[in-house]
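> Chains as they are written, first to last, in our numbering: chain A, 25 to 314; chain B, 3 to 337; chain C, 3 to 337; chain D, 38 to 544.
Just so you know, these hints were derived from the structure itself, not from any lab. A portion of the hints provided could be inaccurate.
As the list claims (entries may be wrong) - Computed list of lysine-lysine pairs in PhoX-like fashion (alpha-carbon distance at most 20 angstroms, straight line): (1) LYS143(A) with LYS214(A); (2) LYS242(D) with LYS225(D); (3) LYS237(A) with LYS153(A); (4) LYS333(B) with LYS129(C); (5) LYS129(B) with LYS333(C); (6) LYS131(B) with LYS131(C); (7) LYS333(C) with LYS333(B); (8) LYS180(A) with LYS143(A); (9) LYS237(D) with LYS475(D); (10) LYS376(D) with LYS183(D); (11) LYS104(A) with LYS126(A); (12) LYS84(A) with LYS283(A).
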Amino acid sequence: EDKVYIPLISKGFQHQFWQAVKAGADKAAAEFNVEVTFEGPDNETMVDRQIDMLSAALAKKPAALGFAALDSQAAIPILKEAQEAGIPVIAFDSGVDSDIPKTTAATDNVAAAALAADKMAELIGGAGKVAVIAHDQTSRTGIDRVDGFVNQMKEKHPGIEVVTVQYGAGDHLKSTEITKSILQANPALKGMFGANEGSAIGVVNGVTEMDRKEIVIIGYDSGTQQLQAIRDGVMAGAITQNPVGIGYETVKAAVAAAKGEEVPTEIDTGFYWFDKSNMDDPEIAAVLYD
Amino acid sequence: MSTAEAAPPPGIAARLFSSGAHQKLLAFASLIALLIGFTLASPNFMQMSNIIAILQATSVNGVLAIGVTLVIITGGIDLSVGTLMTFCSVIAGVVLTYWGLPLPVGIVAAIAAGTLCGLASGTFVAKMKIPPFIATLGMMLMLKGLSLVISGTRPIYFNDTPGFTDISRGSIVETIIPGLPIPNGVLILFIVAIATSYILGRTILGRYTFALGSNEEAVRLSGVNTDAWKMAIYALAGGICGIAGLLIASRLNSAQPALGLGYELEAIAAVVIGGTSLAGGRGTIMGTLIGALIMSVLTNGLRILSVEQEWQTVVTGAIIILAVYADMLRKRRTS
Amino acid sequence: MSTAEAAPPPGIAARLFSSGAHQKLLAFASLIALLIGFTLASPNFMQMSNIIAILQATSVNGVLAIGVTLVIITGGIDLSVGTLMTFCSVIAGVVLTYWGLPLPVGIVAAIAAGTLCGLASGTFVAKMKIPPFIATLGMMLMLKGLSLVISGTRPIYFNDTPGFTDISRGSIVETIIPGLPIPNGVLILFIVAIATSYILGRTILGRYTFALGSNEEAVRLSGVNTDAWKMAIYALAGGICGIAGLLIASRLNSAQPALGLGYELEAIAAVVIGGTSLAGGRGTIMGTLIGALIMSVLTNGLRILSVEQEWQTVVTGAIIILAVYADMLRKRRTS
Amino acid sequence: MKPIIAMKGIVKHFPGVHALADVSFGLLPGEVHALMGENGAGKSTLMKILAGIYSKNGGQILIDGQAVEIGSPREAQDLGVNIIHQELSLMNDLTVAQNIFIGREPRFSFGRLDEAALNRKTAEIFKSMNLSLDPRTIVGTLPIAKQQMVEIAKALSFNSRVLIMDEPTAALNNAEIEELFIIIRRLKSERVGIIYISHKMDELKRIADRVTVMRDGQYVGTVSAAETPVSEIISMMVGRALTDAAVVVPELGDAPVALEARGLSREREIRDVSFSVKRGEILGFAGLMGAGRTEVARAVFGADPLDSGEIHVHGKLCPIRSPGDAVRAGIGYLSEDRKHFGLATGMNVRSNIAMASLDRFISTIGALDEAGMRQAAQRYIDQLTIRTPSDTQEVRLLSGGNQQKVVIAKWLLRDCDILIFDEPTRGIDVGAKSEIYKLLHSLAEQGKAIIVISSELPEVLRLSHRIAVMCEGRLTGILPGGAGTSQEEIMHLATLRESVTQPLGAA
Ligand SMILES: Nc1ncnc2c1ncn2[C@@H]1O[C@H](COP(=O)(O)OP(=O)(O)OP(=O)(O)O)[C@@H](O)[C@H]1O
Ligand SMILES: Nc1ncnc2c1ncn2[C@@H]1O[C@H](COP(=O)(O)OP(=O)(O)OP(=O)(O)O)[C@@H](O)[C@H]1O
Ligand SMILES: [Mg+2]
Ligand SMILES: [Mg+2]
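Next up, chain A with everything else stripped away, as it sits in the complex:
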């Protein structure tokens, strides 16, 4: 079988978010009758592992390549190799600082986190202390979401103080323990933002274990537990990206690029705020995963 082969090198593969991206990619693969593989390192610090994955993918002589860069600069030389070999590259999830990728299918994480900040401000009445638990201190998504949230608070909501930002590596248990310590240290805390799925679940767990129901929790991404927490009213709401869409659009663009067709320079896959009130709306339900 001489199917067109398109590898996707992502930032991870074990998390639900990435599994949803993969699902989207698989859907597109079936639709366009191409072969897709999906691979990513264990966590978002492993910049060099990702490069090794890229070079193995190139060795397989793909028709096109999907790539979610952990560090876009670090990957440029190998992307150049791809370019020289005539393999079109489609960036997804976050951009690459280079003109090599034909297009980028991504979420604007800064804007998404700013939306979370606005919602938080609205829910706690524009004043008080909040805290952030994020997954990673150095990765692009970690930095963007924290910066987006914190800067938006500084600029638009001066009455709100972000008392601390801590990092739990997306590990549910570690994030739980961190949440509990933050709650212990800040009895007056009003809200917490969990900047990815693992972090958000950690916040939910910690708040539940400490029995601090007054805390307003805002999450990021979806997944069974977050959806459940929102339904139960423990979590006020969350930002969701459109991971299935990201995967789908990436493969679709890759197929087009492989055929030499023109692709748009940017594909905004969008992000949405969802809470108890709108989570069952069809257009929202379509981008949620569990």
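Add chains B, C and D with the ligands to chain A, keeping to what the hints say.
For chains B, C and D with the ligands alone, kept in the frame of chain A given last:
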């Protein structure tokens, strides 16, 4: 000889509340110092709710550390404890949620899975003579992959199993002594500690654990079936990891198949901080408990003080070294 | 006697191409088997560009593994190699990018930083008698935190230092032998391997490395200043991690301050797969190289075969165990 | 003549042990001064203080009349004091030459090693010792006797003024002891002072000038070796006189055979060895070092696999594949290398004694019966006079001889029908030795079958009811025990190489 002079207290003094533990009490020093320091530094630290949070945070790592203590005393090492824990929680998830079997079956399945995997590691080490580091590293990788395969790379939730979260989060103690909300997870940690101490100090399995670490060949030439005992010890350690798997699954109300990497180093660190020698032949469960507590008090306290996270890491590293150094000095002085 | 029977070939046979290495060549078996297997399974595997990619992927882990081999032969362990590598690359970033100093200064600074940190670990171990596991675990945490602190928790790019990426990515070999684009990183790996082999086999430092791992007390009773030598060995290992730091920074054209955790286990695995005993006293650089190659061939090959990622992990674990088992059987047969 | 060494009023405490109390000792240049005493008398401790390994708690050391503080082995070496340790302290993974010159390697610039010079110098030392050993052999692969020779070579490689030898001959055979004595005489002529510790009384007369006796960490007296009868020295050591009865070979005509080995073979080490032991019999195994006696014992015990051969216990074919099988069949094996194969030295006396019998000390609820084990341990501590502060002392803190007694106790407690003792008296003092002889005889009288492997011919002659002699892995003959057999007959068989046409010197 310096070896004699640096000699720690009698190796067999493994019982939790025995005469050997009396000496070990001195190792509390670092722990007490930390507790006092944090209490003075923050009013939020020394509060019932926080102490319970610390104990709760110790439960999973503590149980893992107890399991790995056994293996380390035999002179081995177990790098697979973290992913084995995860694997067991995934097994519980499959049995309870996918198959819908009753809670006790899930509990037995998780512990049995741990025991079997431990037995497999033990077989690699004892029968195939693969160095424990490699045998359990391989096991760690295999279990990591298998957890993902079995779970279908997604968390398994225990929403259909009422009472599952009580394994770790409920509090039997509070129903007996109102106002003392010690979570079951902590209770289980102490039960595992006491049971393992008993096994180590009072049973033939425990005696051989120390003997294997002390001089395996001499034990074999005493007519003991060292391979079988070693496999039994790894299996027991695996079973204990199964308990840890239940604890973490219960706390997270889900089996998270990607979790577990890195837990092995933390568990081994607790063991070594607790005075167990990686060379084998000596160690105590009491020490391991203290070691695990030192680690979680430190983490919790630094967070309560809102120390910047990168500095938290630096301070944790420094204090681990200092704690062991203090213990070293004390031992040198007493001998 | 079982000790004699399990005894691998002469321990001192550490030189890369010495008579001892001749026996070691048999350990190539697993490596060759893997290479043949993958070549048959996929036409994309055995191609110049992929072989070079494998070598390139081995360079960082290989250099780290060489450093840790030294420490392991003394009977110690070094868990800090991964974060020390990162720390050194951050130091290079600070010197070259933040301070704008010339390239050679940055190179010297990175290696010096590694050497100093190694010396610190060595001091903890030799002078303060802290078990190597704990001393280097503490060091690992401290360096992890310090890398973040120094870099301001963000990657440092080397765009202002022309030629920096050539450290690892350029190819001196190709300018000499056109058509053989072996990257400098791989060249450096081999140079480090040969130099370290020389040191181990032919110098006084190497002699004491084996002697310390074999029977430290006996060495001390012979009037040797064991502490000083041990510190020197840890310092040398640290310096080698500094080289690894330069390699990875050059490859990524950036110092990634959060990288490095988990690299220590991989490096140690390479060492043990290569036949070096964690008990100390014996080991070869050649073996370590083979071990590191086995690991990267395996990873690369499974990717080329498009094995699902969770199964890649399972297979890697299984093959690591099998490779060591095969080596074990071979040794048992030859002795 | 002025003494090189004068030790005065030396005191040394260990936790729970008062090892030395007011001990004095002097050494003249060119003298061989024997230091005698029972196991645990404090001989090694006193010498370790002199060699800078232990620090003393009181007293004074004078070298050439000058008070010195010896703080480390290096300082002792600088003062010309070197020691051959009782417990071997070699680096097993290094070669012989590398061991000998550790810390003093010949080198080029930049710390590069001159391996050729190293091996050459080592070869020279070996030549002067008449020892044929490749300097490049890895020490760990050598049998214990060869390792002992390496230790001796190492001490000789220093230009010592004082050489301490702590039981150098414990693991050596007669030929090697001869070589050692030649070396000692040469050193004497070079006016080196030698302190010689041994439990072999016959060596005293042959080599020592003066004898200092210690008992229980105290100085008993110094006498001239030539003028003092051995019996007097012994009674100084043990505080009483010992009688030395000759062996009486019992009539065992119709006693049942307890153990029979048929055609045992393993590679080149064991070649078609067959023998049997009856109940109540002591079968001695004699032979030169490397004859394969230990190999036979280990194979019978299941410690090493056999290529072929059968083992019958009490007349029944008994497949023994592991030491566990052997112990279940009622066979016990006391190894010649107690440190590696006999003891868990990090554990206490009680645990070690109980090690082979733990299954008998399990109470109803699965717990170990500590009280029972304590009683058992105490019984053997008393019976074998094991010198230890308590049964919870760690074994590594006991003196060498007392460690050996702990291993013996382990097998006595196990109560096996067939006991194999491999060098049971290695490093054991005369008093305890005669206790062990008595013990072996009484065990035989109780109907046990006993195999004793010993490199000391007088011991074999004194103990055995029959004597099996081995050479190069073959059983070359079985001689009757008792007064009728001479050392010469044994040596003839022990050197009976395969090409019998070649007459051999020692025979
Ligand atoms: N490091 C130590 N710690 C505690 N006790 C010790 C230590 N070293 C020796 N002892 C004790 O000191 C006493 C003297 O021991 P030493 O080794 O000097 O005896 P020895 O005369 O050499 O006996 P042997 O003939 O059996 O070798 C013994 O009771 C021994 O148990
Ligand atoms: N230098 C050597 N290197 C390797 N193997 C040796 C060496 N010398 C002896 N051997 C092996 O060791 C075996 C004998 O070991 P051992 O000396 O324990 O025998 P033994 O008869 O029990 O002697 P003894 O009990 O007197 O030491 C022989 O089969 C021989 O092959
Ligand atoms: Mg002695
Ligand atoms: Mg022998």
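> Are the hints correct? Go through all of them and say.
Now for the hints, and whether the structure bears them out:
no.	hint	result
1	LYS143(A) with LYS214(A)	holds (13 angstroms)
2	LYS242(D) with LYS225(D)	holds (16 angstroms)
3	LYS237(A) with LYS153(A)	holds (15 angstroms)
4	LYS333(B) with LYS129(C)	holds (15 angstroms)
5	LYS129(B) with LYS333(C)	holds (15 angstroms)
6	LYS131(B) with LYS131(C)	violated (31 angstroms)
7	LYS333(C) with LYS333(B)	violated (41 angstroms)
8	LYS180(A) with LYS143(A)	holds (12 angstroms)
9	LYS237(D) with LYS475(D)	holds (18 angstroms)
10	LYS376(D) with LYS183(D)	holds (16 angstroms)
11	LYS104(A) with LYS126(A)	holds (13 angstroms)
12	LYS84(A) with LYS283(A)	holds (18 angstroms)
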